Amino acid sequence: MNTIRLSNVVPEIFASREDLHSDIWHTELTFERGKRYLIEAASGTGKSSLCSYLYGQRGDYRGTILFDNTDAAQLSANGWSDIRQHHISILFQDLKLFGELTALENVVIKNNITHAQTLDQITSWFGELGIADKLHARIDRMSYGQQQRVALIRALCQPYEFILLDEPISHLDDRNSDIMRDIIIRDAETKGAAIIATSIGKHMNMDYDKHLCL
Amino acid sequence: MTLIWKLLRKHISIFELAVFFIANLIGMAVILAGIQIYSDIKPMLTGKKSLIGNEYIILTRPVERVGMGAPTFSAEDIADLNEQPFVVNLGLFAASQYEVDGSIMFNGRRLSTMMFFEAVPDSFIDVTSADWKFTPGDSTIPIILPRNYLNLYNFGFSQTQKLPQITEDMIKRVELGIRLSGNGHRDDYVGRVVGFSDRLNTILVPMEFMTWANGYYADAKDGKPTRLILEVENPGAPEVTNYLTEHGYAAEDKPSESSKALFLLKVCVAVIVGIGVIFSLLSIIILTLSIYLLLQKNITKLENLVLIGYTPTRVAMPYNLMTLTLNLSILVISLVVVYIAQGKYMGYLSDIAGYELSAMPTTAIVVGLLLTAAIIAFNFFIIYRKIRDISKRR
Numbered sequence: 307m308n309t310i311r312l313s314n315v316v317p318e319i320f321a322s323r324e325d326l327h328s329d330i331w332h333t334e335l336t337f338e339r340g341k342r343y344l345i346e347a348a349s350g351t352g353k354s355s356l357c358s359y360l361y362g363q364r365g366d367y368r369g370t371i372l373f374d375n376t377d378a379a380q381l382s383a384n385g386w387s388d389i390r391q392h393h394i395s396i397l398f399q400d401l402k403l404f405g406e407l408t409a410l411e412n413v414v415i416k417n418n419i420t421h422a423q424t425l426d427q428i429t430s431w432f433g434e435l436g437i438a439d440k441l442h443a444r445i446d447r448m449s450y451g452q453q454q455r456v457a458l459i460r461a462l463c464q465p466y467e468f469i470l471l472d473e474p475i476s477h478l479d480d481r482n483s484d485i486m487r488d489i490i491i492r493d494a495e496t497k498g499a500a501i502i503a504t505s506i507g508k509h510m511n512m513d514y515d516k517h518l519c520l
Numbered sequence: 015m016t017l018i019w020k021l022l023r024k025h026i027s028i029f030e031l032a033v034f035f036i037a038n039l040i041g042m043a044v045i046l047a048g049i050q051i052y053s054d055i056k057p058m059l060t061g062k063k064s065l066i067g068n069e070y071i072i073l074t075r076p077v078e079r080v081g082m083g084a085p086t087f088s089a090e091d092i093a094d095l096n097e098q099p100f101v102v103n104l105g106l107f108a109a110s111q112y113e114v115d116g117s118i119m120f121n122g123r124r125l126s127t128m129m130f131f132e133a134v135p136d137s138f139i140d141v142t143s144a145d146w147k148f149t150p151g152d153s154t155i156p157i158i159l160p161r162n163y164l165n166l167y168n169f170g171f172s173q174t175q176k177l178p179q180i181t182e183d184m185i186k187r188v189e190l191g192i193r194l195s196g197n198g199h200r201d202d203y204v205g206r207v208v209g210f211s212d213r214l215n216t217i218l219v220p221m222e223f224m225t226w227a228n229g230y231y232a233d234a235k236d237g238k239p240t241r242l243i244l245e246v247e248n249p250g251a252p253e254v255t256n257y258l259t260e261h262g263y264a265a266e267d268k269p270s271e272s273s274k275a276l277f278l279l280k281v282c283v284a285v286i287v288g289i290g291v292i293f294s295l296l297s298i299i300i301l302t303l304s305i306y307l308l309l310q311k312n313i314t315k316l317e318n319l320v321l322i323g324y325t326p327t328r329v330a331m332p333y334n335l336m337t338l339t340l341n342l343s344i345l346v347i348s349l350v351v352v353y354i355a356q357g358k359y360m361g362y363l364s365d366i367a368g369y370e371l372s373a374m375p376t377t378a379i380v381v382g383l384l385l386t387a388a389i390i391a392f393n394f395f396i397i398y399r400k401i402r403d404i405s406k407r408r
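Just so you know, the sequences run in chain order A and B.
Under the numbering used here, residue 520 is the last one in the first sequence; the count climbs by one each step, no gaps.
Under the numbering used here, residue 408 is the last one in the second sequence; the count climbs by one each step, no gaps.
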């Protein structure tokens with residue numbers, strides 16, 4: 307997948323509003339592979355909705371989202387599974403980790419279907435992010451900042467051309483935020499992938515090709 | 015797989031599954047046992063070695079005038095009967111056309127009587143004996159008597175005459191003096207009873223003997239038969255009785271006991287299988303509700319699995335494996351139950367039938383496999399549909 311094109315897309319609940327001043331809603335917009343995008347938004351402007359639309363979690367929008375030339379609205383359940391396994395990775399704002407599994411199991415449950423990373427690579431990321439001692443700790447016993455790092459590792463356990471980061475550093479200090487940024491840039495560059503990050507204020511320090519305001 | 019199982023086994027209600035397991039086990043075992051009993055008993059009511067044995071009818075024409083000789087069946091009558099769809103097999107009675115004089119030494123007295131022989135093709139005879147054969151030149155004639163005769167003697171004659179009662183084995187050991195005469199010949203033979211018939215109410219000799227003796231002691235011209243024996247599928251069927259009335263034939267046998275018994279058997283089995291089906295249906299409803307509830311309780315986890323890239327089929331797999339294991343164990347246990355039950359009742363059936371029956375629940379295995387396959391397919395379908403609904407975009 308080389309491009310994601312949004313053509314006149316708007317959430318249904320905003321459809322009747324005339325006063326939308328947005329770089330994204332009701333516009334023609336193309337995300338290209340290899341570039342870096344930062345989407346800045348005030349809360350309630352539909353940032354998480356955008357991620358849900360791009361990831362096929364929700365379909366309550368007007369307009370068209372095209373993956374290359376495929377209309378996202380036409381994808382079947384298995385079609386979305388293919389997108390989620392091979393083309394678009396996501397770090398959910400609410401993480402969507404499994405509380406009763408350990409940190410490592412949460413990563414492995416993803417890697418089991420993609421077989422994208424070795425166990426060595428996974429554990430070395432745990433080390434880099436400072437949570438090596440939490441490998442076998444249950445997720446629901448870990449802090450939100452620690453969970454965010456586990457969710458990132460899980461997001462990296464697959465091939466992708468686009469990675470969506472929905473408020474990735476909301477609970478991280480600057481040091482950990484920088485470590486996370488370095489890992490993401492390294493991984494995305496080897497894959498030639500685009501980074502699409504959202505933020506409601508605090509954002510990862512990197513050179514973005516485009517700043518968009520919702 | 016183990017990781018998804020670790021996630022999704024939560025909220026599995028052992029109680030609900032146990033109720034399903036027991037209910038479906040009872041239902042399945044009852045259905046399979048009912049069907050197996052039916053398929054084991056049915057051949058005994060309809061097969062050659064019939065229990066009640068009334069799918070044979072013996073036809074005569076009623077005597078209309080005294081002294082005219084017994085009414086006979088013409089070749090056209092027989093050909094017409096042979097064309098009837100309800101006739102499975104037709105045999106002619108051949109009667110002796112020579113004088114038969116039988117005698118027996120009994121308690122030091124010689125009892126002598128005039129008698130007659132009849133013969134029918136072997137396939138109509140319900141007695142099997144290695145001695146049932148004759149070749150010209152033999153001095154022994156095998157004979158089959160109606161069991162009625164023995165009963166008549168034992169329970170009627172011997173009581174009033176203060177004579178001892180006799181068993182079948184005793185009679186089989188007795189030598190009867192048989193003197194045949196006619197056509198300028200007169201010879202003595204030994205008659206030996208080789209068996210007793212419940213079906214044929216006459217003194218039978220082998221067809222080979224009858225053909226030879228009628229040629230030797232009488233002129234070979236074959237007399238027209240006075241009696242016919244018919245093998246029919248269901249003697250009680252209207253087309254049979256209608257045909258007989260139309261042509262003025264009389265049937266010697268009573269209306270079919272076996273078809274009544276078969277009907278009764280069918281009713282009993284239908285009731286048993288019906289109860290089994292109700293059990294199974296209820297248990298399937300329990301399982302369906304239990305699966306729905308389970309999926310509903312795990313809905314967030316299922317959604318998240320789909321969101322991290324799992325296909326609905328893959329997410330369904332643990333639940334499919336669970337129902338597969340449950341249903342296959344139920345099938346195996348029910349078949350074991352049927353096999354054990356069959357071993358028990360086959361003993362009784364063998365006693366009644368008088369011959370050894372083999373116990374192998376083939377019918378139960380076939381029906382059980384089909385039923386289980388249908389239940390599993392249904393379970394897979396509802397699981398897949400539910401998970402597909404969960405994974406749909408909202």
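Honestly, I wouldn't trust all of these hints.
Unchecked claim - Only pairs whose alpha carbons sit at most 16 angstroms apart, straight line, appear in this in silico EDC-like list of lysine to aspartate or glutamate:
| no. | chain 1 | residue 1 | chain 2 | residue 2 |
| --- | --- | --- | --- | --- |
| 1 | B | K406 | A | D388 |
| 2 | B | K20 | A | E406 |
| 3 | B | K24 | A | E406 |
| 4 | B | K20 | A | E411 |
| 5 | B | K311 | B | D403 |
| 6 | A | K508 | A | E346 |
As the list claims (entries may be wrong) - Far from chain A, by Cβ distances over 10 angstroms, these chain B residues were calculated:
| no. | residue |
| --- | --- |
| 7 | M184 |
| 8 | G196 |
| 9 | Y231 |
| 10 | V287 |
| 11 | G288 |
| 12 | G323 |
| 13 | T325 |
| 14 | S343 |
| 15 | S405 |
Hints listed in this document are in silico derivations from the structure and should not be mistaken for laboratory results.
In this text the structure is predicted, and so the values were computed from the model without any measurement.
Using N, Cα and C, we set each Cβ at its ideal position, and we do this for glycine too.
A quick look at each hint next to the structure:
1. For a cut-off of 16 angstroms, the pair hint linking K406 of chain B to D388 of chain A stands: about 15 angstroms separates their Cα positions.
2. With a CA separation close to 9 angstroms, the supplied pair K20 of chain B and E406 of chain A stays within the 16 angstroms bound.
3. Restraint check: the Cα-Cα separation between K24 of chain B and E406 of chain A comes to about 10 angstroms, which is no more than 16 angstroms; the hinted pair holds.
4. A hinted pair counts as satisfied when its Cα atoms are at most 16 angstroms apart, and K20 of chain B with E411 of chain A qualifies at roughly 10 angstroms.
5. With a C-alpha separation of about 15 angstroms, the suggested pair K311 of chain B and D403 of chain B falls inside the 16 angstroms cut-off, and the hint holds.
6. A threshold of 16 angstroms between alpha carbons decides the hint, and for K508 of chain A with E346 of chain A the separation of about 9 angstroms falls inside it, so the pair holds.
7. Every CB of chain A is more than 10 angstroms from the CB of M184 of chain B (nearest about 83 angstroms), matching its label as outside the interface.
8. Look at G196 of chain B: its CB is around 94 angstroms from the nearest CB on chain A, clear of 10 angstroms, so calling it non-interface holds up.
9. Distance to chain A confirms Y231 of chain B as a non-interface residue, since its nearest Cβ pair spans about 91 angstroms, more than 10 angstroms.
10. The Cβ of V287 of chain B lies farther than 10 angstroms from every Cβ of chain A, with a closest approach of about 40 angstroms, so its non-interface assignment holds.
11. Annotated as non-interface, G288 of chain B keeps its C-beta farther than 10 angstroms from every C-beta of chain A; the closest such distance is 40 angstroms.
12. The claim that G323 of chain B lies off the interface is violated: its Cβ sits roughly 4 angstroms from the closest Cβ of chain A, which falls inside the 10 angstroms cut-off.
13. A Cβ of chain A approaches the Cβ of T325 of chain B within 10 angstroms, the least distance being about 4 angstroms, so the stated non-interface status is violated.
14. Under the 10 angstroms C-beta cut-off, the non-interface status given to S343 of chain B relative to chain A holds; the minimum distance is some 28 angstroms.
15. Listed as outside the interface, S405 of chain B is inconsistent with that label: its C-beta sits roughly 5 angstroms from the nearest C-beta of chain A, within the 10 angstroms cut-off.
In this structure, the earlier hints numbered 12, 13, 15 are contradicted, and the remaining ones agree with it.
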